[in-house]
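Below, each chain spelled out in residue letters.
Number of protein chains: 2
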Amino acid sequence: IAKEVAKLLEMKAQLGEDEGKHKFVLKTPKGTRDYGPKQMAIRERAFSAIVSCFKRHGAEVIDTPVFELKETLTGKYGEDSKLIYDLKDQGGELLSLRYDLTVPFARYLAMNKITNIKRYHIAKVYRRDNPAMTRGRYREFYQCDFDIAGQFDPMIPDAECLKIVHEILSDLQLGDFVIKVNDRRILDGMFAVCGVPDSKFRTICSSVDKLDKVPWEEVRSEMVGEKGLSPEAADRIGEYVQLHGGLELIERLLQDPKLSQNKLAKEGLGDMKLLFEYLTLFGITGKISFDLSLARGLDYYTGVIFEAVLLQQENEPREEPLSVGSVAGGGRYDGLVGMFDPKGRKVPCVGVSIGIERIFSILEQRLEASEEKVRTTETQVLVASAQKKLLEERLKLISELWDAGIKAEMLYKKNPKLLNQLQYCEDTGIPLVAIVGEQELKDGAVKLRIVATREEVNVRRESLVEEIRIRTSQC
Amino acid sequence: IAKEVAKLLEMKAQLGEDEGKHKFVLKTPKGTRDYGPKQMAIRERAFSAIVSCFKRHGAEVIDTPVFELKETLTGKYGEDSKLIYDLKDQGGELLSLRYDLTVPFARYLAMNKITNIKRYHIAKVYRRDNPAMTRGRYREFYQCDFDIAGQFDPMIPDAECLKIVHEILSDLQLGDFVIKVNDRRILDGMFAVCGVPDSKFRTICSSVDKLDKVPWEEVRSEMVGEKGLSPEAADRIGEYVQLHGGLELIERLLQDPKLSQNKLAKEGLGDMKLLFEYLTLFGITGKISFDLSLARGLDYYTGVIFEAVLLQQENEPREEPLSVGSVAGGGRYDGLVGMFDPKGRKVPCVGVSIGIERIFSILEQRLEASEEKVRTTETQVLVASAQKKLLEERLKLISELWDAGIKAEMLYKKNPKLLNQLQYCEDTGIPLVAIVGEQELKDGAVKLRIVATREEVNVRRESLVEEIRIRTSQC
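Same order as they appear, the protein sequences are chains X and D.
The first sequence begins at 1 in the numbering used here and counts up by one.
The second sequence begins at 476 in the numbering used here and counts up by one.
Since the hints were made in silico from the structure, they are not lab data.
Computed from a predicted structure; not experimentally measured.
A few of these clues could be false.
[Said to hold, decoys possible] Derived DEER-like restraints, expressed as beta-carbon distance ranges:
1. D:A477 x X:G195: 58 to 66 Å
2. D:E847 x X:Q261: 37 to 45 Å
3. D:D564 x X:K263: 46 to 54 Å
4. X:N458 x D:P732: 47 to 55 Å
5. X:L419 x D:L729: 18 to 26 Å
6. D:G650 x X:K414: 31 to 39 Å
7. D:L558 x X:R202: 39 to 47 Å
8. X:E4 x D:Q626: 38 to 46 Å
9. D:Q626 x X:V51: 37 to 45 Å
10. X:V457 x D:V689: 31 to 39 Å
11. X:E462 x D:Q717: 40 to 48 Å
12. X:K414 x D:Q730: 20 to 28 Å
13. D:A844 x X:S170: 51 to 59 Å
Every residue, glycine too, gets a C-beta built ideally from N, C-alpha and C.
Working from the sequences, and respecting the hints, build out all of it.
In structure tokens:
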């Protein structure tokens, strides 16, 4: 035993030494990850559901560069601007990686003088945030954005955005969810009637935005302590932000002696009522909650805002449904395009962004728990041989299959063992094996094996393509 | 008239003034572009052909971050390293944007200890090159990579890569093309027998690489003048690099008194012969040219190298077919993964990269010339109304259609004119209009109009989904 241990220790020492030789760290940058074939299969399923929905609603698709001129992003994100990745100045223009898809979209509209478009855009965005990778929070992450730009009658495009969130979250079967809705005008009106000075609207709004993560007492002390709001004003806000409900709450607030006197709040509440009427026609009010505590961080919103959160699963019983985080959000931003237009011409916009990484995390965890086997290729048939010296015949056959549009693989060995070829099919889920043998070659036939049943049939070579198509038509 | 001119001049002055107020430049960064809906439609067609081919060959798909640790890219690209985009040091790791997909792939294999995979990866890469946008040369551009990693019998995966290039270029119908093939071992053997000192192999190889752009005389004077090669050695190289052909050339060089004495050249020529045998079985030697002038710029190739070039179209007659540039390239790189492995363990790899931007340029130009109308949405039906006050009914109907999976749009107006609704279908290519009217509502029916023929049929509401499906099944 001592000898064995000594040997192992020596091996370990050698290993350490070798690793010392290796000068660089073998990793992806902080907050990023690779997607292997299995993760990609999950990712593509989710993307496909989302793209189908966007196309169902008649959206076109665009793409913009991963970086923008630094000045394009300046002054659009408020306090979050510090999280923008800049490129090194290597001579030429100063560039930054895009922080979201909304600002590049607004730049695109202004630059091309487009006043009317419904588009989606699925791409990666970059934020130098503190990553929390197990919860799906990364520094490089996908956003799936759908936006409607143009001058239209109130709340029709806004209602469609909420319908889209509802369709996608239902389709992905992520469990129960609620879509919280509010309006920046209602918030501003509320701040005004609570006695918040105009100059403090945005910063108090940021405080309210934290209510989904920290309790009211903490938010209140930030407002009063850090931000110098009067305790009375804070307490008045405190009463409003605990309100949430549906049409009846909107009606009640429209009668609220203070709010109903504020022009902005009245406008916002009127539109909110209209929105709920449209959502009733769509049959989705059951998952919509008008919630006065919803504020959204970004500076550019001007009207309706919303955020979808997943609720605790039923199989994890809690006293109250607990939100496990936002998976979609959006709102109306009528001023952003004007910031890019030389003449300040406005293009009203409303849009939604699906936070796909959190959805991936959930789908990935669920798949691991279920032990379902995910195929990572679509290969229909493996071209194999039972005897030696048939490489040329395999190459000829696989080439015929490829040219006929059949998804086919072979092992890259001159003389692979039949057992290894069959094992490869088991491992990767290939349903059929086309076996080339000397006798079959003479007969102008191929032996087709069905992996699942181990059944084998002789197929005439000229019928092979058709036979494979029929037998894999469900794939 | 003078008054009018004065007015116009005043307006112009105002315009200039307003533009002065607008502080930033409205553009995308140098060497980049936006893709509008029309360009995206073309792009997705090309991607779809390429992905189909990769899947037909049984490839899995992976994705890696857009940036890597700077040191991951260091020392992999030779003279081209100066073209790498670095990120600004904002604290934390030093990062660079990826320059290609091959080095991240090798890093991925080493990091995850994968010794055996066939994968594709379609993503943007970044090079601070001099852009030539009309010819499809950008600083941000897509690469479509297919690679086979693993220890296999010689030339089988290599032949498949060439088959893939052949399939994709045929499928995209870009016109005539030729795939030039060579081998780094043949080049190195050739340099040795021509009397190039070992230390000058890589730099002389770089000179040879320029032969597709500049004439031999210029390359020769670079070799002799700048790089200090003897005129005799250069002249010997000059004789070899004008050779190109097929199997018969390989056979001749295998008998070449000088080359046949060189171990590397002999190995390379032996494998080249094997490769041509496999390509004959695939039936694609007609488009393959063994070309001793092909060198490829990148440092990491170790065996077979290849490059596909499009030839001048027949409708533009020239004396000789003229190459309009490389659209795909690749080769074998058996040492790259080992550079990342702590123990230097090698994973042999061969792969191909499709240069999709040049292909886009061609498809885009062709489409513009043809005046073919490209649809940018897949919308099957527009939900319209003939009378006023039917917004609610339109919302109810469109919601039913969406929930049934029908791709449907409506105008975001309370009371749109029927003519405007029909015009929208004409403009965007929507084939059907479902018209809600008061009489139809009473009858439980919807009027379905076929845009192309102006035919109108009354359809019972419960049959509408089925009717739309049947009538758009070809879409």
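Now for the hints, and whether the structure bears them out:
In this structure, A477 (chain D) and G195 (chain X) meet the distance hint of 58 to 66 Å, their C-beta atoms being roughly 59 Å apart. Taken as a hint, the range 37 to 45 Å is violated for the pair E847 (chain D) and Q261 (chain X), whose Cβ atoms sit roughly 59 Å apart. The supplied range of 46 to 54 Å is met by D564 (chain D) and K263 (chain X), whose beta-carbon atoms lie about 49 Å from each other. Checked against the hint of 47 to 55 Å, the C-beta distance between N458 (chain X) and P732 (chain D) comes to roughly 53 Å, which is consistent with it.
Between L419 (chain X) and L729 (chain D) the Cβ separation comes to about 38 Å, which falls outside the hinted range of 18 to 26 Å. For G650 (chain D) paired with K414 (chain X), a C-beta distance near 37 Å keeps the hint of 31 to 39 Å intact. Hint check: L558 (chain D) to R202 (chain X), Cβ distance near 42 Å, so the stated range 39 to 47 Å holds. The hinted range of 38 to 46 Å is not satisfied by E4 (chain X) and Q626 (chain D), whose Cβ atoms lie roughly 31 Å apart.
Hint check: Q626 (chain D) to V51 (chain X), Cβ distance near 39 Å, so the stated range 37 to 45 Å holds. The supplied range of 31 to 39 Å is broken by V457 (chain X) and V689 (chain D), whose beta-carbon atoms lie about 59 Å from each other. In this structure the hint that E462 (chain X) and Q717 (chain D) lie 40 to 48 Å apart at CB holds, the actual value being about 45 Å. Between K414 (chain X) and Q730 (chain D) the CB atoms are about 26 Å apart, so this pair conforms to the stated range of 20 to 28 Å.
At about 45 Å, the beta-carbon gap between A844 (chain D) and S170 (chain X) misses the expected band of 51 to 59 Å.
When each numbered hint is compared with the structure, violations occur for hints 2, 5, 8, 10 and 13.
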